[in-house]
Every structure is written in C-alpha cells, then in structure tokens.
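**Q** As a plain string of letters, each chain reads:
There are 2 protein chains.
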Amino acid sequence: MTNLELAKEDLRYIFHPCSQMKDYERLPLIPIKKGEGAYIEDFEGNRYLDCVSSWWVNIFGHSNKEINQALTEQAQDLAHVIFAGFSHKPAIDLSRRLVQMTPEPLQKVFFADNGSSAVEIALKMAFQFFKNRGETRDLFVSLNNSYHGETMGALAVSDTGLYKDIYQDLLLKTVQAKSPSLVPEEEALKDMERVLEENRDRVSSVIIEPLIQCAGSMKMYDPSYITALRSLCDKYGVFLIHDEIAVGFGRTGTMFALEQAGISPDFLCLSKGITGGYLPLSVVLITDEIYQAFYCDYNEGKSFLDSHSYTGNALACAVANKVLDIFEQDRVIEKNQAKIALIAQETEKFRKLSNVAEVRQRGMVCAIELKDYPSEQRVGLTVFQEALKEGVYIRPLGNVIYFMPPYIFTESQLRKMIDVTYTIVKEKL
Amino acid sequence: MTNLELAKEDLRYIFHPCSQMKDYERLPLIPIKKGEGAYIEDFEGNRYLDCVSSWWVNIFGHSNKEINQALTEQAQDLAHVIFAGFSHKPAIDLSRRLVQMTPEPLQKVFFADNGSSAVEIALKMAFQFFKNRGETRDLFVSLNNSYHGETMGALAVSDTGLYKDIYQDLLLKTVQAKSPSLVPEEEALKDMERVLEENRDRVSSVIIEPLIQCAGSMKMYDPSYITALRSLCDKYGVFLIHDEIAVGFGRTGTMFALEQAGISPDFLCLSKGITGGYLPLSVVLITDEIYQAFYCDYNEGKSFLDSHSYTGNALACAVANKVLDIFEQDRVIEKNQAKIALIAQETEKFRKLSNVAEVRQRGMVCAIELKDYPSEQRVGLTVFQEALKEGVYIRPLGNVIYFMPPYIFTESQLRKMIDVTYTIVKEKL
Numbered sequence: 010m011t012n013l014e015l016a017k018e019d020l021r022y023i024f025h026p027c028s029q030m031k032d033y034e035r036l037p038l039i040p041i042k043k044g045e046g047a048y049i050e051d052f053e054g055n056r057y058l059d060c061v062s063s064w065w066v067n068i069f070g071h072s073n074k075e076i077n078q079a080l081t082e083q084a085q086d087l088a089h090v091i092f093a094g095f096s097h098k099p100a101i102d103l104s105r106r107l108v109q110m111t112p113e114p115l116q117k118v119f120f121a122d123n124g125s126s127a128v129e130i131a132l133k134m135a136f137q138f139f140k141n142r143g144e145t146r147d148l149f150v151s152l153n154n155s156y157h158g159e160t161m162g163a164l165a166v167s168d169t170g171l172y173k174d175i176y177q178d179l180l181l182k183t184v185q186a187k188s189p190s191l192v193p194e195e196e197a198l199k200d201m202e203r204v205l206e207e208n209r210d211r212v213s214s215v216i217i218e219p220l221i222q223c224a225g226s227m228k229m230y231d232p233s234y235i236t237a238l239r240s241l242c243d244k245y246g247v248f249l250i251h252d253e254i255a256v257g258f259g260r261t262g263t264m265f266a267l268e269q270a271g272i273s274p275d276f277l278c279l280s281k282g283i284t285g286g287y288l289p290l291s292v293v294l295i296t297d298e299i300y301q302a303f304y305c306d307y308n309e310g311k312s313f314l315d316s317h318s319y320t321g322n323a324l325a326c327a328v329a330n331k332v333l334d335i336f337e338q339d340r341v342i343e344k345n346q347a348k349i350a351l352i353a354q355e356t357e358k359f360r361k362l363s364n365v366a367e368v369r370q371r372g373m374v375c376a377i378e379l380k381d382y383p384s385e386q387r388v389g390l391t392v393f394q395e396a397l398k399e400g401v402y403i404r405p406l407g408n409v410i411y412f413m414p415p416y417i418f419t420e421s422q423l424r425k426m427i428d429v430t431y432t433i434v435k436e437k438l
Numbered sequence: 010m011t012n013l014e015l016a017k018e019d020l021r022y023i024f025h026p027c028s029q030m031k032d033y034e035r036l037p038l039i040p041i042k043k044g045e046g047a048y049i050e051d052f053e054g055n056r057y058l059d060c061v062s063s064w065w066v067n068i069f070g071h072s073n074k075e076i077n078q079a080l081t082e083q084a085q086d087l088a089h090v091i092f093a094g095f096s097h098k099p100a101i102d103l104s105r106r107l108v109q110m111t112p113e114p115l116q117k118v119f120f121a122d123n124g125s126s127a128v129e130i131a132l133k134m135a136f137q138f139f140k141n142r143g144e145t146r147d148l149f150v151s152l153n154n155s156y157h158g159e160t161m162g163a164l165a166v167s168d169t170g171l172y173k174d175i176y177q178d179l180l181l182k183t184v185q186a187k188s189p190s191l192v193p194e195e196e197a198l199k200d201m202e203r204v205l206e207e208n209r210d211r212v213s214s215v216i217i218e219p220l221i222q223c224a225g226s227m228k229m230y231d232p233s234y235i236t237a238l239r240s241l242c243d244k245y246g247v248f249l250i251h252d253e254i255a256v257g258f259g260r261t262g263t264m265f266a267l268e269q270a271g272i273s274p275d276f277l278c279l280s281k282g283i284t285g286g287y288l289p290l291s292v293v294l295i296t297d298e299i300y301q302a303f304y305c306d307y308n309e310g311k312s313f314l315d316s317h318s319y320t321g322n323a324l325a326c327a328v329a330n331k332v333l334d335i336f337e338q339d340r341v342i343e344k345n346q347a348k349i350a351l352i353a354q355e356t357e358k359f360r361k362l363s364n365v366a367e368v369r370q371r372g373m374v375c376a377i378e379l380k381d382y383p384s385e386q387r388v389g390l391t392v393f394q395e396a397l398k399e400g401v402y403i404r405p406l407g408n409v410i411y412f413m414p415p416y417i418f419t420e421s422q423l424r425k426m427i428d429v430t431y432t433i434v435k436e437k438l
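Chains R and L, in that order, are what the protein sequence lines are. Numbered per this note's numbering, the first sequence spans residues 10 to 438. Numbered per this note's numbering, the second sequence spans residues 10 to 438.
Treat the hints with care, as some may be off.
Listed next, the in silico DSSO-like pairs over lysine-lysine satisfying Cα-Cα at most 30 Å (straight line) [claimed, not checked]:
1. L/K311 - R/K380
2. L/K173 - R/K311
3. L/K187 - R/K74
4. L/K311 - R/K31
5. R/K173 - L/K182
6. L/K187 - L/K199
7. L/K311 - R/K182
8. R/K17 - L/K42
9. R/K74 - L/K182
10. R/K311 - L/K182
11. L/K117 - R/K42
12. R/K348 - R/K437
13. L/K74 - L/K31
14. R/K74 - L/K42
15. L/K117 - R/K43
16. R/K173 - L/K117
17. L/K74 - R/K42
Hint data in this document are derived by calculation from the structure and do not stem from the laboratory.
Kindly produce the complete structure, drawing on both the sequences and the hints.
**A** As structure tokens, this is what we get:
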C-alpha cells in the first residue's frame, strides 16, 4: 500500500492525539512501516531521523535487538498478572533498581500506566497523607507555564493554557507560583514563599518539572532553584513532587534531574524513557514516611486504593529492566556528555540569526526560540515540513524548535539534525 | 528463589495497587513465575486457576501462543511511534475493525493507555463539544454505585465511596441518579428524568457501566434500562457515554453490552479485554457529529489536544488485532453461550444456602452475594485464602464473591471454580 492509501484509511477512522485533524488536509499524515535505530520509515521507503525520540520516549532506537529479545522472552513466561496480591520478578527487580538509583529517602515504588496517572497518584497520595492525619489540605501548588498531563487532576496543576483553558470550569482550583524559567530565580523563590505563607496548612504539596518545562515551550531553569525550593517545602511542611516524566532517564545530562540539585523530592514520577519508547509504564517513588501513613489495619480506612488493571505490567517491567541494563553496560550517561557538548557547539551558530530569540540547552535537550513570527502564522509547521523533505523529523512547539534525540544518535546524525534545521531557519522562513 | 524470599524482596520495595499493605503480614503475597492458559504458577510450582481473568483482562489465557507471536512479530517492525502526525497499520486496522464491529453512528477512534484515561477523554470531549458551540455545560450525570476509574475526572463521576470519599474535597461535583441495579427500573428512569430536567442545559453527558456495575459489588441491571436511557438522553439533548471498559469484549454474553439494548451510545470507552490481558491500551469511539465539532481551522481554537506519549502504541494495537482474530476464528461469543449456561446451572445450588443473599449472572460474570457477615469481618478474605489452598484464585469484593473466568476455561475448570467455592461457602465460613 502507498502512504496516501494508508493515510486515507487512517483519516477515515482515527482521531489523532494533540492534533487539529483539519491540518491533515495539507500536512502529510505519515504511516510508518518500520523503525530501525535512529530512523522511522514510511510505506514508500522514505526514512526520517527521529529527532524528538518519538515524543521524548525512544532513547535507544527503534527495533532495538536487546529490548526486542527481552520482550519476547518475557512473553514466553508471563505477560501480565493482577498486581494486587500477586507480584513477579520483573517488577521486583525494577523496583529495587529504581530505589537504589535514586536518593536514599525514596524507598517504595507505586506503579501505573502513563505519566498523567502517575501525577494523579502523587497528588492523591499527598492529599490523603494529610487526610489520614485528620487534616484537609485541599491546595496543590505548581509553577506558571507548567505541564503535568491531560487527566483532570494532572491538568489542574498544569498552567499551559493551550491544554487547560477550555476545561477551567471542570478543574480543581490550584495555585501557581512564578516560574524560575520566566522570572529571575530570586523573584520566583520569593513568590513561592508568599504562596506557601498565604496558604499555610492548606497546601499538601508543590509539583514541578525539574530543570525543563517541556510542553511549556522548553523553558529551562537552574538546579539552584530546586535546592532552594526543597528548603522552602521543608520550612512550610509540604511535600515536593518531582515530575521527571519527561526529563528523567538521562535527558538533562544526569540520570535524574534531581541529582543536579543535590536533593531528594518526596515523590518522584517517572515514565516515557523508562521503557525506551516501547510500552506505556509509569512509576511513583515515595519516601518511607509517606508509605507508613497508609500502613495500618484495613478497617482504619487509610488504605491507598488506587489501581489500574495493567498496573505493574510484566512485559513493560521486563523492557524497563533491559533499558536499565543498557544504561549500565553502555555507560550511556557518561557517553552522552560528548554528544551534549557537540549539540552545544553546533547550535552556537543559531544565536547569530536575526530571527532567533534564544538558544537554550539542558543536557540532551536543545531549544531554539524563533522571534517575530505571529502565532497565527504557525511557523513551526513550515520548519516541520521543510525538515521532513530532508529526512529529518522535528516537531516544533509553536515558535520553539527543539531537539530531543535518542541517545544512540551518532555524531553525524546529530550534525545532520542541526544543520538541516539551521538551513531552514536561515533561508526558508 | 522461594515464594517467601521473593515476597520479602517485593515488600521491601513495592507499594501494591488497591491493597492495604499491612494485610500482607498475614495474607500471602504470591510471586508468579509464569502463566499458562487458565493457570498462573508461583515460584514453588503451585498453580492457580485464574478465575478473575487477572483483574478482568485476560480472556484467552496466559502465554497465548498466537498473541505471543503477534507481539514478537510487531516488535521486529515497530514497537511505537509518535501518534501525532504519524500512524501505522496496526492502529489503522484496529480502528477500522472496531468501527465495523460497533453500531453505525460510532465512526472514529481516539486512543489512550488505560480505562481511566479513556473516561477522562470522553468527559473532556463531551464538555468541549458544547464549549465549542459557546455553551458551558459543567455537569456530568452518573449512576449511584458507579465506578469509572481512579484519575480525578473518572473518580468524580464514580459513586463507590471506598475509592472516592476520601478525595471529595478535590473532585468536581457531579450528579448521581438512582441506579437500576439498586431500585426498580421505572424508579431509576424517573429519577434520571428528574435529574436531567432539573439541570437542563447544564448537563453535557450521562455516563454508565452498561448491565454490570463491576467494582460496585457486581450489581446488575437489564438492557431495557439502557434503551430507555438512550431515549431520555435524546430528549434532553445530552450525550450517552458507555463505559464498557470492564464489560466489553464478550463479558456480558454479547461482544458489547450495547447490543443487548439495541442502541448506540455517543461515546464508547473500551479497554481491559481489548489486549487479552497483555498490555495497557484503551480507546474511545465517537460519532461523526462529535468529531466534526472539533474539525476546523487550527486558529479557531477548537482542537481536542489531549495526548499521552504512548497513545496508539503499535505493540498493543498488534496484540488487540490478534485478540479480534481469535474472537472471529474461534467463534468465541457463540461458544461462550454453553459456558454461560453451565455457570448458571452449576451456581443454582448456592441459592439454597442460608448465608447466600443472591446469585446473579450476566453472561460470563456470576456474583454470589453473602449475607449476615459484618464488613469488619472481611469474610471475602477467608474465601480467597481457602480457595487458594485448592488452587483456585478468586478475589471477592467485600461480601460478594464473583467469577469472571477467561473464555478458554474448559467445562471441568468452570466446575472446579464453582465447586471449590461452593464447599467453602457451605462449610468453611
């Protein structure tokens, strides 16, 4: 079948995520036949460099042989079993490894299927922690320009209008503090302290995306903010929730963003890269103090009864264990440092272009913000289409072009990603 | 490793879903080494008949060879690709098949990862449909005793206190009408009409679990209620959302519960059995009218921008296609009728026991409600433990024992499931 035939069949039946379907009248909807390493390939043999890791998830390439084998082997034994009352080795191994890889206060792992569900679990658990002590703390604090997911609890703590505004009447009211990605750090901290002071005993937790507000135009900030925020949370007796769903697993240069701040959050939400772009899986790591607040005789009514049918899916856990193996055996974090430096060096030239407002980078994420294009023009779409012609797949967020490549990109693939984009920004807009 | 060693390791790191962790001090936490057909097997070679389909998902048995092969083959080509702007054949095939299997008004498929997320999508889309027309309809109507999931939107339309009560301060206020599973059908319909009348122009949709309120103690009701509810929704201009996450894919005797009512909902949420108990995947089928309300120029701001990273996961779609193949090639729905009749016949004897309040059945679900046991006694746990000794795994909901076997159970497996339980209820409680 041709691309066009499949696209037509697709559009007859499918409502795609995060899409205005009318856009597909003029933009190509590309049916992918296979993935291989850094490339995805359509039904006519065109290959595209997957420069956004298929929505920030695919870190070790498509059709990764080691991961495929782990998946196939696990399926022979056990694909899935109910995770209440039962368990399995892939989940136990994964949990132990995650606990050992993260700061000492994080001791227990709760499973779910996607990032939004992980955020909901952290929010519900933070709220219930206080409820179990007899306190009703009905407020969550998040940052301006934040994004934490699409389910109603996750949307409520988000602050990206594009995804949230239309649903305001449905959502829990939350409080936003100034973001260090938008104002100076000192101002952001002062505002956070004001919010915590004004809402004393009403706030259960503060949730942040550490270092990078991804869906929020890839705005970035320094780890020093997080270190200071940790102290503020301690001072006001509220939990700190790290939503490292997008930034975890090496994306910011360290395995987890929290390492750069030298702190431990009370909740750590992980997903996306955890299965190397293979399967939906998310986890929430919590402290023993939080765990103990739910540990009691059943009839006391303090249990945390959240569940999804596929919680702790064995196939996804086996894949995640293989992902962690690859991190170790290939010394990925260490080897990424050269790639990070290369990206920094090669994107330097964007700074001199008159239509570029800013180039910012944090580890394996680099964002190039364009200027002087009205949003209705949707200049990002032009960049997307022009890059595609060159076999490079990037997905700008409005006027912000970003690179979020899989860690298996070679030096020449990194250069191609950057150079193709550079030519477009310089000559085609 | 022994069961005990693994369980100890598990309890050191894992916080299990829908569990009071302290219960595992006296109840076994069973590590499963492998699944095979109707059985799951622990690390000491004990085998258990999986009578609840591993939380209502595993319909064609564990380590199903055909499904394993489909999974392995798909992994060779493509595990996953971003589903915005891109597509793949497994999702296209699955969507076409689902549209063709369901009533004609359901024309488009939106993907997500778990049931809760599917419910959130239906709720958001129903709300936004009216918002896109300039109307704010901030109320959702559901039934008493309903359960629709764990994320905050899904919890808000639920009415099972066990899961919801503690979070009331966080949740959107919704309206519940009387359930036909608890009061006579006529009374329930009258109450629904009252609710719709009193909240005219404020309700966007009514959401139900058709025929069986599963987490709500497996309470059941007749399809005639749904037929009448469809008319009421039309009369008041509100959408009908069928949450067939638990009951879809043959569980009630027909492929979908809606068939028994002879109607089409405006939204149909599916998950659980869709991947035969292998992988998290959910879909929401919608009418073309709904789809069109979001179809416009991007700058009009009416897009539905919901997404999860693993939306439309190719591995899960390939598995789902194989599940549909098995339904067709093995004429599963047709062959299940004899099993349904056998369950009805063999559970008849429970009715004569003095500690049984009711035996109710709808297709491949049969519930036995015990009476005269105070809830603090947790008699269900005794049933669970006694059955386990006989190699039968059942998971009572409070005082309600239920059977929800995979469709591959043989006649003798069905008899064993029932007879072991009968002896316990008659002699051990």
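**Q** Each hint needs a verdict: does it hold in this structure or not?
**A** How the hints compare with the structure:
Note on L/K311 and R/K380: the hinted pairing holds, with a Cα-Cα distance of about 25 Å set against a maximum of 30 Å. For a cut-off of 30 Å, the pair hint linking L/K173 to R/K311 stands: about 12 Å separates their Cα positions. For a cut-off of 30 Å, the pair hint linking L/K187 to R/K74 is broken: about 54 Å separates their Cα positions. Between L/K311 and R/K31 the CA atoms are separated by roughly 11 Å; this keeps the pair inside 30 Å, and the hint holds.
For the hint pairing R/K173 with L/K182, the CA-to-CA distance comes to about 18 Å; that is within 30 Å, so the pair holds. For the given pair, L/K187 sits about 9 Å from L/K199 by alpha-carbon distance, which is consistent with the 30 Å threshold. The straight-line distance between the Cα atoms of L/K311 and R/K182 is roughly 23 Å, inside the 30 Å bound, and the hint therefore holds. Taking the CA atoms of R/K17 and L/K42, the gap is about 44 Å. The hint is violated against a cut of 30 Å.
Straight-line distance between C-alpha atoms of R/K74 and L/K182 comes to about 49 Å, which puts the hinted pair past the 30 Å bound. Of the pairs offered as hints, the one joining R/K311 and L/K182 holds, with about 23 Å between alpha carbons and a cut-off of 30 Å not exceeded. Under the criterion of a C-alpha separation no larger than 30 Å, the hint pairing L/K117 with R/K42 is consistent with the structure, at around 22 Å. Proximity of R/K348 to R/K437 is assessed by CA-CA distance (about 27 Å); at most 30 Å being required, the pair is judged to hold.
Between L/K74 and L/K31 the alpha-carbon distance is near 38 Å, which puts this suggested pair outside the 30 Å criterion. Pair hint R/K74 plus L/K42 holds up; C-alpha atoms about 24 Å apart against a cutoff of 30 Å. Using a Cα cut-off of 30 Å, the hinted pair L/K117 and R/K43 holds, with the two alpha carbons roughly 25 Å apart. A distance of roughly 24 Å separates the Cα atoms of R/K173 and L/K117; the hinted pair therefore holds under the 30 Å criterion.
Using a Cα cut-off of 30 Å, the hinted pair L/K74 and R/K42 holds, with the two alpha carbons roughly 24 Å apart.
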